[in-house]
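Given the sequences, and given the hints that come with them, work out the whole structure.
Chains as they are written, first to last, in numbering that gives the first Met the number 0: chain A, 0 to 414; chain B, 0 to 414.
Just so you know, the hints here were simulated from the structure itself, not pulled from any lab data.
Please note that the accuracy of each hint is not assured.
[Unchecked claim] Over 10 Å on every C-beta distance to chain A, these chain B residues come out as not near it, computed from the model:
(1) E49
(2) Q75
(3) L118
(4) G176
(5) K334
(6) E399
[What the hints assert, rightly or not] Calculated lysine-lysine pairs in the BS3-like style (CA-CA distance at most 25 Å, straight line):
(7) B:K312 / A:K259
(8) A:K312 / B:K257
(9) B:K285 / A:K285
(10) B:K257 / A:K285
(11) A:K285 / B:K383
(12) B:K317 / A:K383
(13) A:K259 / A:K312
(14) B:K259 / A:K317
(15) B:K257 / A:K257
(16) A:K257 / B:K317
(17) B:K285 / A:K259
Note that the structure is predicted; figures quoted are calculated from it, not measured.
Idealized CB from N, CA, C, for every residue including glycine.
Protein chains: 2
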Amino acid sequence: MGIGEKKPLALFTQIEEMVEWLASFGKSQSNGVTRQLYSKEWQAAQQAVEKRMEEAGLRAYYDDVGNLFGRLAGRQENASTILTGSHIDTVIDGGKYDGAYGIIASLIAVEYLYKHYGLPRKNIEVVSLCEEEGSRFPMTYWGSGSIAGIKSFADIQDLKDANGTPFVEAMRQAGFGQGKYPQPRRADLDCFIELHIEQGEVLEREGKSIGVVSHIVGQRRYNVTVMGESNHAGTTPMGWRKDAMHTAAELIQVLMQKAKETSPELVTTVGQMSVEPNISNVIPRKVTFSMDIRHSDEQVLFEFCEAVCKEFKLITSKHHTEFSLYNWMNEKPVKMCEKVNKISESILEREGIPFKKMTSGAGHDSQVFGQFCPTSLLFVPSHKGISHSPYEFTRTEDLEKGIQLLIKVLYELAY
Amino acid sequence: MGIGEKKPLALFTQIEEMVEWLASFGKSQSNGVTRQLYSKEWQAAQQAVEKRMEEAGLRAYYDDVGNLFGRLAGRQENASTILTGSHIDTVIDGGKYDGAYGIIASLIAVEYLYKHYGLPRKNIEVVSLCEEEGSRFPMTYWGSGSIAGIKSFADIQDLKDANGTPFVEAMRQAGFGQGKYPQPRRADLDCFIELHIEQGEVLEREGKSIGVVSHIVGQRRYNVTVMGESNHAGTTPMGWRKDAMHTAAELIQVLMQKAKETSPELVTTVGQMSVEPNISNVIPRKVTFSMDIRHSDEQVLFEFCEAVCKEFKLITSKHHTEFSLYNWMNEKPVKMCEKVNKISESILEREGIPFKKMTSGAGHDSQVFGQFCPTSLLFVPSHKGISHSPYEFTRTEDLEKGIQLLIKVLYELAY
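In structure tokens, the structure reads:
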């Protein structure tokens, strides 16, 4: 029996109910969600998902860092595992969909498949990853990174949250990090599939229902420091100045210009700036600004940064100022699995659902899994691209299209 | 008997001693000077200057706001008064010369003249103005403004310092504002002459000993606010952004470019900036920066600001952002007295002392007096242009050249 024959019914109401249900754990006063790693709200959410997994007939279990799995064991002996899900943690006062949607979608999809098609050939596991956002401790991808074996207890030994609570202490208090549960590192994964809101406006603007992600972009982040000389705003002629602000303005201009010339897909952002001494009638001595550069091709990223650096040298020299670059993040682009993507694309083409092959400009757990096992990241539209906000919103019909697709992809992979 | 015939002797040692003497009141740990209006250090300095005036044979008296005068009464009946001096207050951790030099120079000059030439025809008064810097209360030119009648008690009623001490209270505690002394407003002034350090690098770089100031520049200060839209640094293509930082960088670039094109004398400074939300991976929603524009011609200033505003409209419209200007300072240029300046220039030419006719890019008490009576502002070089700093420095031979000039100018005007 093919998957197309039994139409999943009543998904619409179920999706809306589940979004509100999961958002109720850590609901903020502004109708957002705050569910920080290992907090009471986080624990309540994981326990609720655990209960739900068991009600759906999945075997629920945790690993030692607090990732929660719901296993539907395959009929094949020594079967490998199809993992699907997303992260349960949120930023402070975040939205109802970021991370949560991937977990809800996986629960609904696997419950549906089990109910209608029984046990799969391969194992399917729904995963509620413990942490992705890095909003409590200075650490991102703790959940996926632990499963992939690229994060370990050594990485968190000295970390504390804003209240001074050690990471290790918070983990212990939530019941993890004690060897009570299996170690998180996995060797049995066939692939990982993550359904996520786009957190951008591309799908909505272009009228597409699904984004099939080919790459998660590489990111480089720098602090650029321009050193000039403080001087009196009234008594120093323009030609004698070593103006760190004037220099910085020209550097930012050139950076943006070059980004537009290089590739329509390259994005660069100057989001932070600080000025010294920051007084209206004193020429700034020092200006520091952040520089965030992203592209899906490592070579393009490298060449762009080299070219920008060359331009910066010319400009600062013209201004008789100096600059230094501090590169504090350098994440390489990650390719998603073409084979798994192809399955999605075939289904979408067959069903006439408008979709877009695209890159992801944001980081996701898929970026960690993608370095470790075949991974597919699928997007649904985000209204106005708003995310990390109580105003985050995706229409239920878009959420449903994503889940219908996930059901079909999991069927092809696991049944 | 002409002034040239008696050479003032031993000025060199006397100047150095007096600079150290006055700097000893309010000396800071970093060898700077902190003498804020009505503070104990300020009171001690005024009392020391008062004593010194009397030792020199001048009649010392205060007005009701705390300006200190040392009067050498003229022989003529109902003679008008030549006023000379500068301000006694300093910024926090300021230098030994800013303000202090004008008082010391006037004391030495008048003492010398009285000793060698007896009583003048017109009255000469040395003035130690109570306040110019605005570094304790949000009020500048309190001393000169009170004498000129453009500041009054009504202006200070609600002002407090950083510790919450009311202006009125501080004034009372120092013994002023009680009607005990004469009202500060003066109607008898013939002219005001101020000797001051340049607080810029022009004289030193050009190898000139004296600056004869033709105008004190007009100043306009604005806050420029650019409103864009916050968005994700990774998921928002460059072409869709409403980037307040990118816009601000272009505005600053254009502002600087236009300043250079308009007039070699026009200066403009962006000294302050704030960014919202100021996060490296979020496109800034709002950027606010200060804009300080100075020129000696009101028409040039006006036309420049109009032209800049037009350009700002074009640029923000191109970026799909918006901007607003808040003009919080608008001081008109002030012309110094050509007649009094001519006296200085003739002396300097005759004696072969290199000087420069120049504008003052900084504000001084002369800017207040200049709106009220004939005023002459004379500069001596500032080493490297450093001011408002313990590193403020002028060579004693330069200080002396200024005092020699002041002696001769006062002689011509008052004897």
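Are any of the numbered hints broken by this structure? If so, which, sorted upward? Violated hints: none; all satisfied.
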